[in-house]
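Protein chains in written order, with the numbering used here: chain A, 20 to 224; chain B, 20 to 224; chain C, 20 to 224; chain D, 20 to 224.
Keep in mind that a hint or two might mislead.
One copy or any two copies: either way a pair holds, since identical chains are not told apart in the list.
When the alpha-carbon atoms are kept at most 25 Å apart in a straight line, the in silico PhoX-like pairs for lysine-lysine are as follows [claimed, not checked]:
id, residue 1, residue 2
1, Lys62, Lys30
2, Lys30, Lys87
3, Lys87, Lys196
4, Lys62, Lys87
These are computed hints drawn from the structure, not numbers from a lab.
From a predicted model like this one, the values you see are computed outputs, not experimental measurements.
Below, each chain spelled out in residue letters.
Number of protein chains: 4
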Amino acid sequence: MGSLFRIDRSKTALLIIDMQNDFLRIGASLEVPAGREIIPNIKRLRDVCREFEIPIIYTVFVTSPDTKGLMWLFHPEHAPPTKACWEESEGAEIYHELYPQANERVIRKHCYDAFYDTDLDTVLRSVGVEYLIITGVMTNLCVDSTVRGAFHRQYKVTVVSDGVACPWPDIHAAELKTFGLGFARVLKTEEVICELKCENEVKKA
Amino acid sequence: MGSLFRIDRSKTALLIIDMQNDFLRIGASLEVPAGREIIPNIKRLRDVCREFEIPIIYTVFVTSPDTKGLMWLFHPEHAPPTKACWEESEGAEIYHELYPQANERVIRKHCYDAFYDTDLDTVLRSVGVEYLIITGVMTNLCVDSTVRGAFHRQYKVTVVSDGVACPWPDIHAAELKTFGLGFARVLKTEEVICELKCENEVKKA
Amino acid sequence: MGSLFRIDRSKTALLIIDMQNDFLRIGASLEVPAGREIIPNIKRLRDVCREFEIPIIYTVFVTSPDTKGLMWLFHPEHAPPTKACWEESEGAEIYHELYPQANERVIRKHCYDAFYDTDLDTVLRSVGVEYLIITGVMTNLCVDSTVRGAFHRQYKVTVVSDGVACPWPDIHAAELKTFGLGFARVLKTEEVICELKCENEVKKA
Amino acid sequence: MGSLFRIDRSKTALLIIDMQNDFLRIGASLEVPAGREIIPNIKRLRDVCREFEIPIIYTVFVTSPDTKGLMWLFHPEHAPPTKACWEESEGAEIYHELYPQANERVIRKHCYDAFYDTDLDTVLRSVGVEYLIITGVMTNLCVDSTVRGAFHRQYKVTVVSDGVACPWPDIHAAELKTFGLGFARVLKTEEVICELKCENEVKKA
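The shape of chain A in the complex, shown without the other chains:
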């Protein structure tokens, strides 16, 4: 699976999907405990990307009566009184351990796919990105939809198997298989970092 293509670091971005308080905090209304376990891996990837000046883009899911679409039908926690990921609420903010730097862009979305009716594609094309490294939550919801959105728009995607999470181990495992079957390379954090650094070695040599 890893041999389909290799990343060209100068045309790559790291995508960190929906690592928000209402998914990550202990006791949060939509808590995904497995989401906290991937934070160290995402941080390591992020550090390497910052070192190599690879753009880091965050997405957040935010909802409101004006933008609810069909989401509340399936996720009543987003509706009042719970108001998970409510627009401009603290719960919708990015978790403190992964809070973005001022120069890093945050894409706000109202559904699963970070490409759907957002400026993500415009941003990636404006800065010349063709390869995406994808991390975040949840594997089968926003991550999967965004992986598919990226594939349809011709991005070469690498999903980080230990950098994505959801609460259901069987679904998580099945998703990783599906990504590899039709949409993306599936690599571990360590392998992605190695590939990013190896390119450096090759270029130095």
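We have chain A already, so just place chains B, C and D on it with the hints.
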């Protein structure tokens, strides 16, 4: 899961995804044996839909050098010499048991999602459809992508659990769970038919 | 032209396009003097819409190196050193006379069409809008592109002939003809207000 | 206007928009007499493109009850009994003088913009196109909408001023100005041919 909404028959369409020779014939290059097992269920649904004048829309995946995008990278069977689902080939045609009537529309697509860069949305809106019943192959590839495409465009989707198929039982089971968690009602053929017919009884009463 | 349809006030939104400092202030880098002349008409429409609780949606064009696309090629004033409508700059803010209320939504866009890669469609569908009243600048650039974007997405559009503006009288006149030929009803402020109020009378009667 | 960029011939396609019988034949229901006058120029461009193996892509507007959207509201000639550009009718076919070769692709669309809900973008990306030469009818309807669709998707467009047409001279002239102001280079047939051939000379030298 079944209680999120009920179908309004006058605003419903049946979608039959990619039931093509190159996926269904014995010995076909991309044969999905489980795909043949769902044919009787799709036929029963189709008969009921024809009876109630519910529009039936078929999709086909067709490929060519002009439209290959990234598909050949993941599915080299589509490239020469195999040329699975090649544009205008017999392999790309709909399997004889489900061949459409002259008045039933076929949507041609070049990737997984039947909404992506096709006129499916225009067709559905032109005929006033808000509810979709989705069947076909493969559960985790074209079916899943189309279910997500429909959800993002605000269609209320019912996936027919014994009317969709793929070769991997664990993935198939995980997909049905994911559909129910975030995108669609998941009902059996029998339940969908009952709902379509019940409406009739209610209206008669 | 006015007889193609009538507005259903309960399914209508008022769109105010790009009435920003860098287009409207005297001496602004992209000053459109004619844009100041339409402000009283837009304010009158806005007052009536607020009275009838018709949603009012504003768009702003904002640019940055991350989102420039091809815009800077045609409009070098957006690039440094001028930085017209630069993201988070004062010049990109909505002109003081039309500054939105806290409950009124602002759509940020990076190109001409307010539907392209923004959440405008999601917002309109979430609140049940099918009719749009369109005002703002410039008639042939962002207004025209947004009118076309709305038409393709099946919105019934009314362009306010004395509520849109651009610096070129011949182009402005030709645009109004084109809107009427293929995309929208073209009515004066007074006529739109009358139609909105008449509905009230009819319903009272 | 001509100096914004130069065409890279290896990444260019020629687009011929809606040169169909129902727009071009004498006495056709939607006859555009000016459309016949541009045929010689389009043929010259087409010959040069064939010589240099530049892809030639045709679009056709086709309509039917399933795909009518809002088009019939503005153009009742498309509805019965006239049925202009009706799906699979002779009137919807490409005019005989410009009939495509077997290896040239035809994009079917149901509205003005040839990118909207069609596979045009997928085709162009699959064959590596970044520059478009645009010709056809009508300047302010399908041509303009497609020019804008191309610009938003980051294609570098050249509109052929004497290769596009509509029945209204003032609108035609205003459109050419608008293209130049914000969306495209505007060049004459002769200038485009010269640029295509010059590149040859430069490369030979």
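For each hint, the structure was consulted:
no.: 1; hint: Lys62 / Lys30; verdict: within (20 Å within a copy, 40 Å between copies)
no.: 2; hint: Lys30 / Lys87; verdict: between (34 Å within a copy, 17 Å between copies)
no.: 3; hint: Lys87 / Lys196; verdict: between (31 Å within a copy, 22 Å between copies)
no.: 4; hint: Lys62 / Lys87; verdict: neither (31 Å within a copy, 29 Å between copies)
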